[in-house]
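Chemist: Here the protein sequences come in this chain order: A and B. Be aware that the first sequence starts at 124, since it is given in our numbering, and climbs by one per residue. Be aware that the second sequence starts at 2, since it is given in our numbering, and climbs by one per residue.
Calculated from the structure, these hints are not laboratory results. Mixed in with the good hints there might be a few duds.
Distance condition first, Cα-Cα at most 25 Å in a straight line; then the derived DSS-like pairs of lysine-lysine [said to hold, decoys possible]:
1) B/Lys425 with B/Lys392
2) B/Lys66 with B/Lys425
3) A/Lys243 with A/Lys127
4) A/Lys136 with B/Lys393
5) A/Lys249 with A/Lys127
6) B/Lys301 with B/Lys41
7) B/Lys425 with A/Lys136
8) B/Lys41 with B/Lys26
9) B/Lys392 with A/Lys136
Remember, it's a predicted structure, so these values are computed and weren't measured experimentally.
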Amino acid sequence: MRIKQLSVFLENKTGRINEVAKILGKYGFNMHAFSMAETPDFGILRLIVSDVDKAVDVLREANFAVMLTEVVCISCSNEAGALSSILEHLAAQDIFIEYMYAFAEGDNANVVIRPNDIDKCVDVLKQCGCNIVDCL
Amino acid sequence: MIWNPNKECMSRDEMHSLQSKRLQKLVTYVYHNVPFYRNKMQAMDIAPEDITSIDDIVKLPFTTKQDLRDNYPYGLQAAPASEIVRVHASSGTTGNPTIVGYTRKDLAVWSEVMTRCLTAYGITREDTFSVSYGYGLFTGGLGAHYGVENLGATVIPTSTGNTEKHIRLIRDLKITGIACTPSYALYLAETLDKMGLSKDDISLRAGAFGAEPWTENMRREIEERLGLKAYNLYGLSEIMGPGVSYECEQQDGSHICEDHFYPEIINPDTLESMPYGEQGELVFTTLTKEGMPLLRYRTKDLCTLMEGKCACGRTSVRMGRIVGRSDDMLIIRGINVFPSQVESVILDMPEFEPQYMLVVDRVNNLDTLQVQVEVRRDFFSDDIGRMLAMKKVLSDKLKSVLSIGADVRLMEPGSIERSQGKSKHVIDNRELK
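Chain B with its partners taken away, still in its complex shape (with noise of 0.2 Å):
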């Protein structure tokens, strides 16, 4: 099912028109009402007027995470404050979180493109829709809701917490779809067990994951321990929430809702546009937003676009799955996780060499990280209960400061790989294929 096919279908001539009006529209917009793009842009001696269509996306500037911080918390909202009708916020665990402000008119457009995948996934107005991502200041919750509302479905914000409650709303209340993390899908097909519940006693049809990368091993598990067909649902608060892009039924990648969210691939180390089929750095230029509107924002994220007519009837350009990050920022077990985050607790306990690596795997479907680090010499003890116990405060520090828990490995000194240059502090051993 297509909610929209006037724009999920439209014709590449007349979507390429449409970006191009649309563009053209937003860069005049940001120049006059966003103080940091008008000086980006006479820096680099881009008039609104040089933009003609589409395809000059490439003259503009980039945004990066790092420019939302510095303009923490209003410095790059475009509408006046009294047009914002809703604020939200990244966890900003390293410094400013990212504010991000919506106006009506925003909101609109994102239970439109939510509404979209919803749709995409089967789900009509007849169903029971569960949405378990957090409700707060995280986009993700009220993001899902409001298109789950816009559908005319009937929404449950179960929000996260009290598996076992929402086990038995979603048995007893016959909830038929749900949106959550894929770890979380895994724990609720977990605590079903444990219930002694089993698929057949629950009716949920599909579910819509994302805010952290699966797999297709977590997909084929999640469709068989909890008895849906399971889709991707991607998005990132700077540029929206959820809804920036969906799986159909082809599962063949995510359609991109382009209409309002222009997807370009850079080479993150040379930032220069790369052509379809080839894998890296996702941007996204955010082609209606009033709120704020971001040009050319760098998401970090690593995949690969797909242009071509898919099988669903849809037209639009598909991104594949995210196959990594190009900064060192790690998602583990859905938190965002900066080795410098490690990094700094590790330089304030003089037990410890300032060396220091990550390793992250997956077993059985969660996320593991642990934590090598050299014990110095004048702190090695013989007695192994002092040796634990330093061991313990690292531990106990760590999961303060990253929100996880991390298995600390004391090494010895010098045994941690020191590398020419630019130094290596991370081992990702997952597969995100």
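One chain only, chain A, in its complex shape (with noise of 0.2 Å):
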């Protein structure tokens, strides 16, 4: 029900993202998503990869700060206000989404979420039927 996302320190320096994933290609970790969050001298490089733990080690040997956040990651329909009616349950039960990011591919579009409470935010997608997805 929940995904382990992994969260990459970066400075904002040209090549730093292509470090992180030249090293992930180079032991043959897939990324299925990613998201990038910036500020003026950092930002912070957010991803869903295939066996995120090993991911880490390698990450952590190569001296990058990382660390692992749980997300939901939901599939809903690519159409219009499709996302929409998922979220008005959200916010309806009060819970904060801190940030998400989503890509859609034909009929489907796979959507992270970054919520305040992930054992509620659970709760309440299955509740309203929602297609919760356990891995990308």
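Join the two chains, each given in its own frame, into one complex according to the hints.
Modeler: See the structure below:
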């Protein structure tokens, strides 16, 4: 029901994202989704990868500041209004979303959500019949 | 114009003989009145009789800022307390402040040398002169003030602050001369703009700028925006205050009042004397001081000395612009900043690695300080708000310790260059040429 997301601390500097991508590629980890949050001097790269625990090890080995964050990933239909109907349930139950990112492919869209209260979020999503995915 | 041609234009032979006589007297005086110097000289097996000429100065011990701190407050004072009529003190951002006591004669010498500077800038008794250095323990305000009075010009003791009122006084009192830091001069120019005024509304024609390093570009900008001629004024409280050296109309180095302050250039690592023309650390001996005379005081300022008669007629040795500091002290916006101050703040915060780098630059003539720190892995958070809060805590602490704002940059662990041996914590990109 929950997915471990990899968060990497990066300086805002040309080539840093590629350093992470290169290491993951070298060890055969595939990136399913990612997003980048930025401030003027640093950013946080958030990734969903295959075999996340091992990915943490190789990135730490390469001196990156890395942490795991639990997120919820849902799948919904790739059509107008689909996301809104889900978010309405979350808002109604007072669940705050710290950040989210999404990607669509064909008829489906996947949405990664980082809520303030992950247990409650999963419950609410279950109750409203939302399709929670265990891996991307 | 030259205030005291007898001294300022003395032949080199006469100057050598005057300096030699004064040094002999000084050494005897400190030997008998300052245990610190007597002990040092005895340890080096030197007696006052061994000093027969100014050239013997190389036999004498050096004095450092640390010596002044170690002998806080009055340990290096040579004159009895009853003879001291005024005390000034340095900012003392690290450790004890430096206390300097002046006798009546010291103050007279100070006024004399300051008057030489003002005269070289073309100031006469017809001028109205604004002293906009801080008045107080800092030597800038009162030092310049008494020079202006000694000259016979009208002094307006504006000190610092309330810039708009200051500009109204400059306009309404037809102030023609000003002494302040070069960065304050630029701030005055900006305020002038903001008030909808220009250099045509004021009558400034000469400015004495010092107390912080500045550049030819700043000089041009100050001259252009305030409509005056900008001269360098050098000094340091340990030696006297403003008035140690000054530019003449040639603006080719600053003439040192070397009948009172004997200059040397040394290699800061080997402490060996260096010849004229070579860059090294500037050292001064106060040839005539009574309150707190100093032998071979290491200023930490790096520059060159030039000899040869100047086109203005003066024969005194000139010093070039200060190009840097031989210790790691930085002067940023006129404030002394030590990397150790930044270090102590960072070491107190477990969120950061004990690695840091100070990057100093000058953007639009204003000094900027960036502090780069590495975030410890355990303290990295996926929550940007928390990371920004961590950054703000550090910024606030730095601001309270340094008294100037620093732009904090959070860096990845391991990203700041580690050096072998003596670690490097400062990148100074300011070009002071």
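Chemist: Give a verdict on every hint.
Modeler: The hints, checked one at a time:
no., hint, verdict
1, B/Lys425 with B/Lys392, "holds (23 Å)"
2, B/Lys66 with B/Lys425, "holds (22 Å)"
3, A/Lys243 with A/Lys127, "holds (17 Å)"
4, A/Lys136 with B/Lys393, "holds (21 Å)"
5, A/Lys249 with A/Lys127, "holds (19 Å)"
6, B/Lys301 with B/Lys41, "holds (21 Å)"
7, B/Lys425 with A/Lys136, "holds (22 Å)"
8, B/Lys41 with B/Lys26, "holds (18 Å)"
9, B/Lys392 with A/Lys136, "holds (18 Å)"
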